[in-house]
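**Q** Residue-level listing of the chains:
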Amino acid sequence: MSDLRDLYQQVIMDHKKKPRNFREIADANHMAHGNNPLCGDALVVYVKMNGDVIEDVSFQGSGCAISVASASLMTESLKGKTLAEAEVLYDNVHKALTGEDDAAELSGKLQVLAGVKEFPARVKCATLSWHTVHAAVDNDHDISVSTE
Amino acid sequence: MTQSTYNLAESMLTDFDIAAIRRDFPILNQQVNGHSLVYLDNAASSQKPVQVIEAVDQYYRLDNANVHRGVHRLSQRATDAYEGARSKVRGFLNASSDKEIIFVRGATEAINLVAQSFVRPQLQAGDEILISYLEHHANIVPWQMVCEQTGAKLKVIPMTESGELDLSEFDALLTNKTKIMAVGQVSNALGTVNPVKQMTQKAKAKGIPVLIDGAQAVPHMQVDVQELDCDFYVFSGHKMYAPTGIGALYGKQALLEAMPPWQGGGDMILSVSFEHTEYNSLPYKFEAGTPHIAGAVGLGAAIDYMQSIGVDKLAAYEHALLELATDKLSAIEGIRIIGTAEHKASVLSFMIEGVHPHDVGTIFDQEGVAIRAGHHCAQPVMQYYGIAATARASFAFYNTEQEVDALVKAIHTTQELFA
Numbered sequence: 012m013s014d015l016r017d018l019y020q021q022v023i024m025d026h027k028k029k030p031r032n033f034r035e036i037a038d039a040n041h042m043a044h045g046n047n048p049l050c051g052d053a054l055v056v057y058v059k060m061n062g063d064v065i066e067d068v069s070f071q072g073s074g075c076a077i078s079v080a081s082a083s084l085m086t087e088s089l090k091g092k093t094l095a096e097a098e099v100l101y102d103n104v105h106k107a108l109t110g111e112d113d114a115a116e117l118s119g120k121l122q123v124l125a126g127v128k129e130f131p132a133r134v135k136c137a138t139l140s141w142h143t144v145h146a147a148v149d150n151d152h153d154i155s156v157s158t159e
Numbered sequence: 006m007t008q009s010t011y012n013l014a015e016s017m018l019t020d021f022d023i024a025a026i027r028r029d030f031p032i033l034n035q036q037v038n039g040h041s042l043v044y045l046d047n048a049a050s051s052q053k054p055v056q057v058i059e060a061v062d063q064y065y066r067l068d069n070a071n072v073h074r075g076v077h078r079l080s081q082r083a084t085d086a087y088e089g090a091r092s093k094v095r096g097f098l099n100a101s102s103d104k105e106i107i108f109v110r111g112a113t114e115a116i117n118l119v120a121q122s123f124v125r126p127q128l129q130a131g132d133e134i135l136i137s138y139l140e141h142h143a144n145i146v147p148w149q150m151v152c153e154q155t156g157a158k159l160k161v162i163p164m165t166e167s168g169e170l171d172l173s174e175f176d177a178l179l180t181n182k183t184k185i186m187a188v189g190q191v192s193n194a195l196g197t198v199n200p201v202k203q204m205t206q207k208a209k210a211k212g213i214p215v216l217i218d219g220a221q222a223v224p225h226m227q228v229d230v231q232e233l234d235c236d237f238y239v240f241s242g243h244k245m246y247a248p249t250g251i252g253a254l255y256g257k258q259a260l261l262e263a264m265p266p267w268q269g270g271g272d273m274i275l276s277v278s279f280e281h282t283e284y285n286s287l288p289y290k291f292e293a294g295t296p297h298i299a300g301a302v303g304l305g306a307a308i309d310y311m312q313s314i315g316v317d318k319l320a321a322y323e324h325a326l327l328e329l330a331t332d333k334l335s336a337i338e339g340i341r342i343i344g345t346a347e348h349k350a351s352v353l354s355f356m357i358e359g360v361h362p363h364d365v366g367t368i369f370d371q372e373g374v375a376i377r378a379g380h381h382c383a384q385p386v387m388q389y390y391g392i393a394a395t396a397r398a399s400f401a402f403y404n405t406e407q408e409v410d411a412l413v414k415a416i417h418t419t420q421e422l423f424a
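Residue numbers (this note's numbering), protein chains in the order written: chain D, 12 to 159; chain F, 6 to 424.
Where hints are given, some of them may not hold.
[What the hints assert, rightly or not] Some chain D residues judged to face chain F by a derived CB distance under 8 Å, without partners named:
#1 PHE33
#2 ARG34
#3 ALA37
#4 LEU49
#5 CYS50
#6 GLY74
#7 ALA76
#8 TYR101
#9 PHE130
#10 CYS136
Honestly, the hints are just simulated from the structure, not real lab data.
The structure displayed is predicted, hence computed values, not measured ones.
C-beta: ideal position from N, C-alpha, C; glycine also.
Based on the sequences and whatever the hints tell you, model everything.
**A** Okay, here's the thing in structure tokens:
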């Protein structure tokens with residue numbers, strides 16, 4: 012049970028119960044819908060860019076603890092980043108979660124996401140918000156992504 | 006539950022020699038994440054007794070060869086074993102002839118066979134196929150495919166809040182355009198036992214052929230296809246203690262005779278020239294290619310095993326266990342049971358308030374408790390309840406009262422974590 016308590020209790024339960032930036036951004040200039048049809052997880056991610064910088068990022072929606080917490084952590088870690096910095100972070104999260112690169116560095120609270128790779132069936136829960144924000148900043152219009 | 010039925014259930018739980026039965030299932034005796042395995046995912050796939058494992062092992066060690074063609078001894082033994090298994094399936098379903106039993110990969114393949122070989126050739130645009138809201142995707146998608154191919158329409162028997170079929174408008178759904186009614190006997194998502202005999206009677210009275218999906222029924226109850234009077238009955242072996250990749254289609258002989266072959270290949274032909282092929286007789290006409298001989302042997306052994314305990318006896322034990330689990334979960338605050346039909350078999354679907362079923366599945370797994378979390382390949386049922394998924398515990402006759410307690414404990418652990 013210790014692995015699980017580590018995974019769920021420390022950071023994930025905190026963010027599940029009190030998701031950060033859980034709101035709409037009225038003047039967002041990018042947004043995307045993320046769906047995981049098999050679990051029913053559904054998120055909307057809003058991004059407000061100021062030039063090259065992510066001035067504000069938020070999300071709304073519902074899902075399992077891992078998907079909600081990952082989205083919450085994602086908004087905290089991307090706010091104030093440049094697009095180039097965000098891209099590096101996105102890559103590192105993806106690599107850490109898929110185990111593609113064990114050395115991929117995740118700093119601070121994001122380290123908890125690396126623990127999800129021990130639960131392969133749940134990796135897609137953790138990646139949903141990251142795929143969604145990636146789609147949002149890549150496009151000028153509202154698009155949908157699905158992780159399956 | 007009334008006091009008298011509860012007493013009956015209690016005595017049922019103590020009369021059954023559960024320790025002896027569990028010794029027959031070696032896989033159950035293991036630790037998962039530091040806990041004794043509690044396997045409650047039987048509706049997805051059941052475990053196999055040593056009698057089945059050894060029958061398959063012995064077949065490969067002693068008898069393996071191709072069937073219906075060799076003149077040598079092993080080929081004869083393999084053929085005898087394979088055809089012997091067919092006779093066991095005939096007896097298990099009480100079909101009238103071995104010719105009515107077609108070996109297939111599973112219920113899914115059997116439904117596709119009937120959809121393409123029996124139904125599709127007679128369908129015209131505007132014809133109707135009747136299924137129910139409770140169906141597994143395997144009894145939805147093959148019919149949608151023939152509808153797309155022919156312009157026929159899929160009609161759906163509605164359901165009620167308790168998870169039963171709503172048969173109030175049933176007569177009106179049986180029209181002169183209905184070319185088949187295909188319904189599940191037991192819902193895999195909710196455990197509802199549907200009144201398939203009465204439904205079949207009504208459909209047959211209007212001349213409508215009937216297919217019954219028995220994938221979730223045969224592991225848990227005695228089935229008699231002659232008594233049901235259905236035209237087709239399908240099931241998978243792996244949900245009834247047999248190997249994966251084997252199952253059976255029962256079809257009334259006259260219908261099977263009239264149907265064209267579904268797949269072409271070896272074993273399904275009598276003679277082949279480039280001008281003409283003469284098809285084999287039943288049941289071989291529908292068994293193209295070398296079949297899953299070892300699987301059929303394992304299925305025969307599983308039938309022997311279930312009959313050695315007594316199908317009625319194991320059904321009664323499972324029912325008592327399901328009643329006990331239902332009572333215990335109903336008493337827990339924050340638990341919502343999904344599917345509260347009067348007649349149920351094996352399945353207990355539920356939600357823990359405030360916890361996504363996939364989180365439930367992961368936390369239970371850490372306690373050694375294996376359940377299914379998801380939509381159970383029955384998304385329309387989930388849509389009816391406005392949910393994406395449920396947690397589902399499903400029981401087999403090797404499960405115990407102590408395992409029901411482990412389920413309850415895992416629920417408490419989950420609730421504490423999410424409190």
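**Q** Taking the hints in turn, state whether each one holds.
**A** Right, here's what the structure says about each hint:
no., hint, in the structure
1, PHE33, "16 Å, violated"
2, ARG34, "21 Å, violated"
3, ALA37, "29 Å, violated"
4, LEU49, "7 Å, holds"
5, CYS50, "5 Å, holds"
6, GLY74, "7 Å, holds"
7, ALA76, "5 Å, holds"
8, TYR101, "23 Å, violated"
9, PHE130, "6 Å, holds"
10, CYS136, "7 Å, holds"
Checked against the numbered hints given earlier, the structure breaks hints 1, 2, 3, 8 and satisfies all the rest.
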